[in-house]
Amino acid sequence: MTDTAQRRFLRAALPVLALLLGVTAITALVALLGNDEMALTVTEALVRLIVVVGLSVFIGNSGVVSFGHIGFMCIAAYAAAWATCNPMWKQLMLTGLPVFLQQAQYPFWVAVAGGAVLAAAVALVFGAVILRLSGIAASIATFAFLAIVNNVYSNWDSVTAGVSSIIGIPTVVGPWTALAFALGAIVLAFWFKGSRFGLMLRATRDDPVASRASGVSIVRVRLAAFVLSAFIVGIGGTLYVQFLGVATVDMFYLQLTFITLAMLIIGGMGSVTGAIVGVFAVTVFVEFFRFLESGVPMGDLVLALPEGSQEIALGIGMALILIFRPKGLTGSRELKLPGLGSSRRAMAPALTTTEAAARS
Amino acid sequence: MTRRPTMTATGVEQSQAASLAAQGVSVRFGGLTAIGDVTLGLEREKILGLIGPNGAGKTTLVNCLTGFQRPTEGSILLGGQDTAGWSAERFRHQGVARTFQAGRLFKDLTVVENVEVTGTGMGLGRRQAHHLAMELLAWLGMADKADIVAGTLPYTDERRVGIARALFLGPAFLLLDEPAAGMADAECDELSQIVLDIPKTFTCGVLLIEHNMRMVMGTCDFIHVLDSGRTIAEGTPAEIQRNKKVLAAYLGGEGEKQLEMAEGHH
Numbered sequence: 007m008t009d010t011a012q013r014r015f016l017r018a019a020l021p022v023l024a025l026l027l028g029v030t031a032i033t034a035l036v037a038l039l040g041n042d043e044m045a046l047t048v049t050e051a052l053v054r055l056i057v058v059v060g061l062s063v064f065i066g067n068s069g070v071v072s073f074g075h076i077g078f079m080c081i082a083a084y085a086a087a088w089a090t091c092n093p094m095w096k097q098l099m100l101t102g103l104p105v106f107l108q109q110a111q112y113p114f115w116v117a118v119a120g121g122a123v124l125a126a127a128v129a130l131v132f133g134a135v136i137l138r139l140s141g142i143a144a145s146i147a148t149f150a151f152l153a154i155v156n157n158v159y160s161n162w163d164s165v166t167a168g169v170s171s172i173i174g175i176p177t178v179v180g181p182w183t184a185l186a187f188a189l190g191a192i193v194l195a196f197w198f199k200g201s202r203f204g205l206m207l208r209a210t211r212d213d214p215v216a217s218r219a220s221g222v223s224i225v226r227v228r229l230a231a232f233v234l235s236a237f238i239v240g241i242g243g244t245l246y247v248q249f250l251g252v253a254t255v256d257m258f259y260l261q262l263t264f265i266t267l268a269m270l271i272i273g274g275m276g277s278v279t280g281a282i283v284g285v286f287a288v289t290v291f292v293e294f295f296r297f298l299e300s301g302v303p304m305g306d307l308v309l310a311l312p313e314g315s316q317e318i319a320l321g322i323g324m325a326l327i328l329i330f331r332p333k334g335l336t337g338s339r340e341l342k343l344p345g346l347g348s349s350r351r352a353m354a355p356a357l358t359t360t361e362a363a364a365r366s
Numbered sequence: 016m017t018r019r020p021t022m023t024a025t026g027v028e029q030s031q032a033a034s035l036a037a038q039g040v041s042v043r044f045g046g047l048t049a050i051g052d053v054t055l056g057l058e059r060e061k062i063l064g065l066i067g068p069n070g071a072g073k074t075t076l077v078n079c080l081t082g083f084q085r086p087t088e089g090s091i092l093l094g095g096q097d098t099a100g101w102s103a104e105r106f107r108h109q110g111v112a113r114t115f116q117a118g119r120l121f122k123d124l125t126v127v128e129n130v131e132v133t134g135t136g137m138g139l140g141r142r143q144a145h146h147l148a149m150e151l152l153a154w155l156g157m158a159d160k161a162d163i164v165a166g167t168l169p170y171t172d173e174r175r176v177g178i179a180r181a182l183f184l185g186p187a188f189l190l191l192d193e194p195a196a197g198m199a200d201a202e203c204d205e206l207s208q209i210v211l212d213i214p215k216t217f218t219c220g221v222l223l224i225e226h227n228m229r230m231v232m233g234t235c236d237f238i239h240v241l242d243s244g245r246t247i248a249e250g251t252p253a254e255i256q257r258n259k260k261v262l263a264a265y266l267g268g269e270g271e272k273q274l275e276m277a278e279g280h281h
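Order-wise, the sequence lines are chains A and B.
Convert by adding 6 to the 1-based position in the first sequence; the result is the number in our numbering.
Convert by adding 15 to the 1-based position in the second sequence; the result is the number in our numbering.
Because the hints were derived from the structure by calculation, they are not lab data.
It is possible that some hints are incorrect.
Here are some chain A residues pointing at chain B (derived, C-beta under 7 Å) [what the hints assert, rightly or not]:
{"hint": "1", "residue": "R202"}
{"hint": "2", "residue": "D212"}
{"hint": "3", "residue": "A216"}
{"hint": "4", "residue": "A219"}
For glycine and all other residues, C-beta sits at the position ideal for the given N, C-alpha and C.
Turn these sequences into a full structure, and let the hints guide you.
Quick look at the structure:
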């Protein structure tokens, strides 16, 4: 075999590196050349990128759609809000918080780690219960989870300030911080996909029965991905509130669930590349319609689309993708660099192609 | 064939079980009896044929023997130990492997990844699983197709990948569910040779469900015949070929012709 481990590694690592560079280049272009508003847009897009990549760790590899991950984002975001928001305000408004949170203000890193770990811990407990269900039943249960989280956080006034906002969170997240975490999330997602757990999980997606005959415990591998994806989505949540400076329960509900799932579906559910492409494609699409909604001056006239057409257009866009390209813009394949094709196939091209042709 | 694939790996216990047996097994779905009171046993290094018309309960019996179906009555014994309550994964960990009638490959994974899954399922890391999977593919003459996505494979290759998946780390028992279905004669002979090589190479017992009589008669040491969920005959290929009950109840006119062909072939 001439296909050494080193070459295999290179073949796997180079496309990932290309994607990291691509995301970095887009961020740098917008952050350095664009105006302040564009910097905000790209920061938000990067936070969403983290969330969507986190979603793809579970959904892409397991084939089980989760509607509940924004619930994990909510849990992590509130944890970060509790950790970082002004203690004076907390003592006044969040009287039910434990003392260690109420009276202190923790640094950024602690908030990110604490929020993500809390989300992962909740995912471990909740996942252990629902992942025994078959695919579609598990999906419905995740939706119920989202509703439960929303309900609890809307009504637990002494800890979450109910439906009103938690304010006074230091806004320390800009495009570069968001970029750093987004790159980390992408690397983590690729690592998991290629790991033994990722491989087993993809096998359960393709054929659950055969995967059991191969000795794979479906619940165990699904649970591993569920916890990791909740962790990544949780990081997105902690960054989001430290980007906006406020936390409100309704930020983490149906609208965000819809747009992040739309990003994943439009890009291609089965690949990390798809998650990345989906986020940028939908962001550009939405920004374009937002621009049209705000009105385009044409001589004396100002042409503007009615408000809400952005959402409708996104819905139509997603429907079209589902009809004509069900595997998304990327076809759910990972990025492949030209010239880096499989060396093994290159070794015996005549044999495989003629044989395949003869048989088909 | 190339050298014998590795059958041991650190951290993975080799099954010591000398037999796999169904003891008075019945499976009922509601009022329907899929199999009734069937007793059969597999031994290491022997090939047992399981034949019978469609709907005789052959696959149901294999499902029982691999943990995919719980018997309504009776028990499955592995090395004399009762397996009640074992999951299908546990059967594989304990050395009982199977293939499926429909292939059931992981279609979006490559050929070598399909085989690797068993390795990772048994607890190996990917690097080691990959190495052993390549050995197995080489043994089956498929090393050149390792990087092809399984969903695009031709039919006959699909079967071989299924067998490679099941052979990972040399199981104690291998249950093949119609591996030759839809194959042409030449491909069938090639497959027969592989099936014949498996017990010697892997010191494992094989159960073969197959409709192709030439293959069954040419490979099996012993044959068990089911009809409508009941055992109607057991014996060596020669005995089964002369068994009037089998000929009448199962094979019919068409079967007799096939049997004559098979005899001529010996």
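Going down the list of hints, with the structure as the test:
1. R202: The hint holds - R202(A) has a Cβ within 7 Å of chain B, the shortest such distance being about 4 Å.
2. D212: Status holds, d = 4 Å.
3. A216: holds (4 Å)
4. A219: holds (5 Å)
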